Amino acid sequence: MRNDVLTESPIVRWTLLALAVGFLALFLVLPLLAVFAEALRRGPETFLKAFADPDTQAAIRLTLLVAAIAVPLNLVFGISAAWAVAKFEFPGKSLLVTLIDLPFSVSPVVSGLVYVLLFGAKGLLGPVMDDWDFKIIFAVPGIVLATIFVTFPFIARELIPLMQEQGTAEEEAALTLGASGFRTFLTVTLPNVRWALLYGVLLCNARAMGEFGAVSVVSGHIRGLTNTMPLQVEILYNEYDFVGAFAVATLLAGLALVTLGAKSLLEWRYGDGLARAHRH
Amino acid sequence: MSMRQSLLAAAAIALGLMSAIVSVRAQEVVLTNVSYDPTRELYKALNEAFAREWQAKHNQKVTVRVSHGGSGKQARSVIDGLEADVVTLALAGDIDAIAREGKRLPENWQSRLPNNASPYTSTIVFVVRKGNPKAIKDWPDLAKQGVSVVTPNPKTSGGARWNYLAAWAYELDRSKGDQAAARKFVEAIYRNVPVLDSGARGSTTTFAQRAVGDVFISWENEAFLIQQEFGADKFDIVVPPFSILAEPPVSLVDVVVDKRGTRPVAQAYLDFLYSPAAQRIIARNFYRPSKPEAADPADLARFPKLKLVTIDEVFGGWTKAQAEHFADGAVFDQIYKPAGKTATR
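Chains as they are written, first to last, in numbering that gives the first Met the number 0: chain A, 0 to 279; chain B, 0 to 344.
Since the hints were derived computationally from the structure, they do not count as laboratory data.
Wrong hints could be hidden among the right ones.
[What the hints assert, rightly or not] When the alpha-carbon atoms are kept at most 30 angstroms apart in a straight line, the in silico DSBU-like pairs for lysine-lysine are as follows: (1) B:Lys129 with B:Lys102; (2) B:Lys183 with B:Lys304; (3) B:Lys60 with A:Lys134; (4) A:Lys134 with B:Lys43; (5) B:Lys183 with B:Lys143; (6) B:Lys258 with A:Lys121; (7) A:Lys48 with B:Lys60; (8) B:Lys175 with B:Lys143; (9) A:Lys48 with B:Lys258; (10) A:Lys121 with B:Lys102; (11) B:Lys102 with A:Lys134; (12) A:Lys134 with B:Lys72; (13) A:Lys134 with B:Lys154; (14) B:Lys336 with B:Lys143; (15) B:Lys233 with A:Lys48; (16) A:Lys121 with B:Lys319; (17) A:Lys121 with B:Lys72; (18) A:Lys134 with B:Lys258; (19) B:Lys60 with B:Lys290; (20) B:Lys319 with B:Lys304; (21) B:Lys304 with A:Lys121.
All figures in this text were calculated on a predicted structure; none of them were measured in a lab.
Could you put the whole structure together from the sequences, leaning on the hints where they help?
Right under this line is the structure:
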């Protein structure tokens with residue numbers, strides 16, 4: 000549909016369009032194709048053999064485990080935080096909103112390092128953890144903590160604008176009609192935000208599985224034990240196993256594509272609800 | 000706070016899952032060897048051989064898990080609590096730091112095993128592009144204008160510290176002990192360094208895979224490995240007439256083995272490194288064995304003869320070298336300025 004308000008000549012418009020498409024092709028599509036091309040360079044058999052490596056399998060399992068813990072927890076945190084921010088007035092509310100955004104602005108390396116400083120052998124709580132013989136840093140709990148930290152804002156950020164826009168009128172009506180608080184949440188609030196919630200979960204999961212920096216700091220890089228998929232990609236690459244590295248990378252790229260596909264599907268199908276969430 | 004409780008709960012769930020996985024394998028011993036960057040292939044071979052030997056002798060399965068990275072970074076992780084039964088790092092100074100700062104092993108650790116606790120040694124050589132287009136032959140060629148030099152960051156990489164000290168020792172030897180000349184010489188070399196990776200393997204990738212630089216100052220073992228992995232038709236090894244004897248040492252981490260009850264198997268693992276079988280594997284993987292008589296003569300023939308000085312002779316040991324050259328604000332910090340900027344003094 001032509002927008003008559005635009006006065007730019009067709010040349011300008013087409014140049015801009017070509018620029019955008021060219022940029023996308025060069026910086027997004029081409030590298031993505033390169034990942035798949037490199038992984039399949041020595042044929043599908045070598046590609047599949049990369050997944051027979053027990054260390055790679057362990058890395059995949061660990062990544063799934065970490066996402067399986069981090070995403071549900073952030074789902075609970077995200078909903079609670081969004082609910083508190085959107086539906087209540089309390090002192091320090093803007094501070095809470097700022098804090099939720101903190102992981103976006105902090106470098107992932109720092110996010111990992113704070114846990115080393117806190118739980119490391121020489122850290123603040125290190126001696127206590129040692130007495131309890133409870134390992135956090137350089138073990139799975141530390142990786143989970145770092146992942147939760149970096150993925151914390153994704154769900155809350157999707158929900159807050161939408162919930163704020165919807166206001167409290169419907170909930171108040173439900174409560175007036177005698178519904179319990181929990182029932183109000185289940186039958187009024189949740190259906191109103193479900194698509195934004197799903198969208199947030201998708202983004203949160205993609206980041207949880209793909210996080211490199213923060214996890215790298217707290218992992219200790221013990222093969223078969225504390226390496227996640229992104230770390231395994233780096234290790235294989237540094238060991239000249241380029242096919243193996245790119246084979247694991249295709250899993251991560253595949254995950255990104257699935258996320259992207261699901262996101263587009265959601266936007267196409269339920270665009271209105273999502274658009275409302277993003278208008279702010 | 001409820002968030003803190005939830006975080007702890009998450010950690011507890013994860014720990015439960017972990018211990019479930021571990022208890023299934025209770026009859027198996029697991030050792031963790033925290034090593035430096037270029038030993039990946041070496042310890043892969045050594046760990047398999049050790050597992051076979053231990054299985055035959057004690058009818059028990061032993062798995063040696065490994066972690067690789069820049070030597071200084073790895074030492075830092077062990078100090079911060081990475082549970083290593085043994086450390087096999089690039090230089091004594093890093094294990095000293097674990098003893099001093101982490102208090103995880105006694106300070107006399109280096110006298111507990113033969114050869115300064117180094118089952119193998121290596122040295123520092125140059126890797127150049129095929130045909131040696133910049134005609135690199137000796138250390139002064141690295142300081143020339145227009146030569147781009149690849150070496151890792153001495154702050155985090157053990158190999159990089161050997162590189163730096165080898166260059167320093169060369170000029171000290173040539174100028175008959177002129178420290179100021181050595182400093183100027185090393186400064187000129189680092190002016191030619193476009194990028195400092197955190198570990199030796201990162202620099203290898205920078206030089207070999209990404210084709211940055213004219214010459215790569217490298218561990219001898221890593222230089223051979225580059226030729227093997229990328230093809231001898233792409234790179235030449237240039238051995239300078241003078242270099243440093245690099246002694247990468249190994250040690251138990253006493254606090255960890257006593258807590259985990261793995262001292263006997265960890266000790267056996269380190270002793271195994273000195274055994275004829277291991278020495279053969281060491282020479283095959285391009286490290287200079289401490290007992291050359293056990294190695295295959297064909298493997299030994301690959302190591303060129305050159306004049307090697309030790310860090311004790313030239314620098315008075317690692318503690319001194321570390322404090323003078325690599326500590327915060329020490330000589331390296333004073334002379335290194337990223338390429339493109341002029342060094343100020």
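- [ ] Starting from Lys304 (chain B), check that the Cα of Lys121 (chain A) is at most 30 angstroms away, please.
- [x] violated (45 angstroms)
- [ ] For the pair we were handed, Lys258 (chain B) and Lys121 (chain A), check the Cα-Cα distance against 30 angstroms.
- [x] holds (17 angstroms)
- [ ] Sort out whether Lys143 (chain B) lies within 30 angstroms of Lys175 (chain B), counting only the CA atoms.
- [x] holds (21 angstroms)
Open item on the list: For a C-alpha distance cap of 30 angstroms, please report whether Lys134 (chain A) and Lys154 (chain B) respect it.
Closed with: holds (28 angstroms)
Task: Restraint status (C-alpha distance of Lys134 (chain A) to Lys43 (chain B) at most 30 angstroms) - done: Judged against 30 angstroms, a Cα distance of about 26 angstroms means the pair holds.
Open item on the list: Please verify whether Lys121 (chain A) and Lys102 (chain B) have alpha carbons no more than 30 angstroms apart.
Closed with: holds (11 angstroms)
Task: Satisfaction of hint between Lys48 (chain A) and Lys233 (chain B), Cα-Cα up to 30 angstroms - done: holds (28 angstroms)
TODO: Below or equal to 30 angstroms on CA atoms is what counts here, so check Lys129 (chain B) against Lys102 (chain B).
DONE: violated (47 angstroms)
Open item on the list: Please verify whether Lys48 (chain A) and Lys60 (chain B) have alpha carbons no more than 30 angstroms apart.
Closed with: This hinted pair holds, its Cα atoms lying about 25 angstroms apart.
- [ ] Could you grab the alpha-carbon distance between Lys121 (chain A) and Lys72 (chain B) and see if it respects the 30 angstroms cut-off?
- [x] holds (15 angstroms)
Open item on the list: Tell me if the straight-line CA distance from Lys48 (chain A) to Lys258 (chain B) falls inside 30 angstroms.
Closed with: Since the Cα atoms of Lys48 (chain A) and Lys258 (chain B) sit roughly 38 angstroms apart, the hinted pair is violated (cutoff 30 angstroms).
Task: Pair hint outcome, Lys183 (chain B) versus Lys304 (chain B) [Cα-Cα no greater than 30 angstroms] - done: holds (28 angstroms)
The structure fails to meet hints 1, 9, 21 from the earlier list, while all remaining hints are met.
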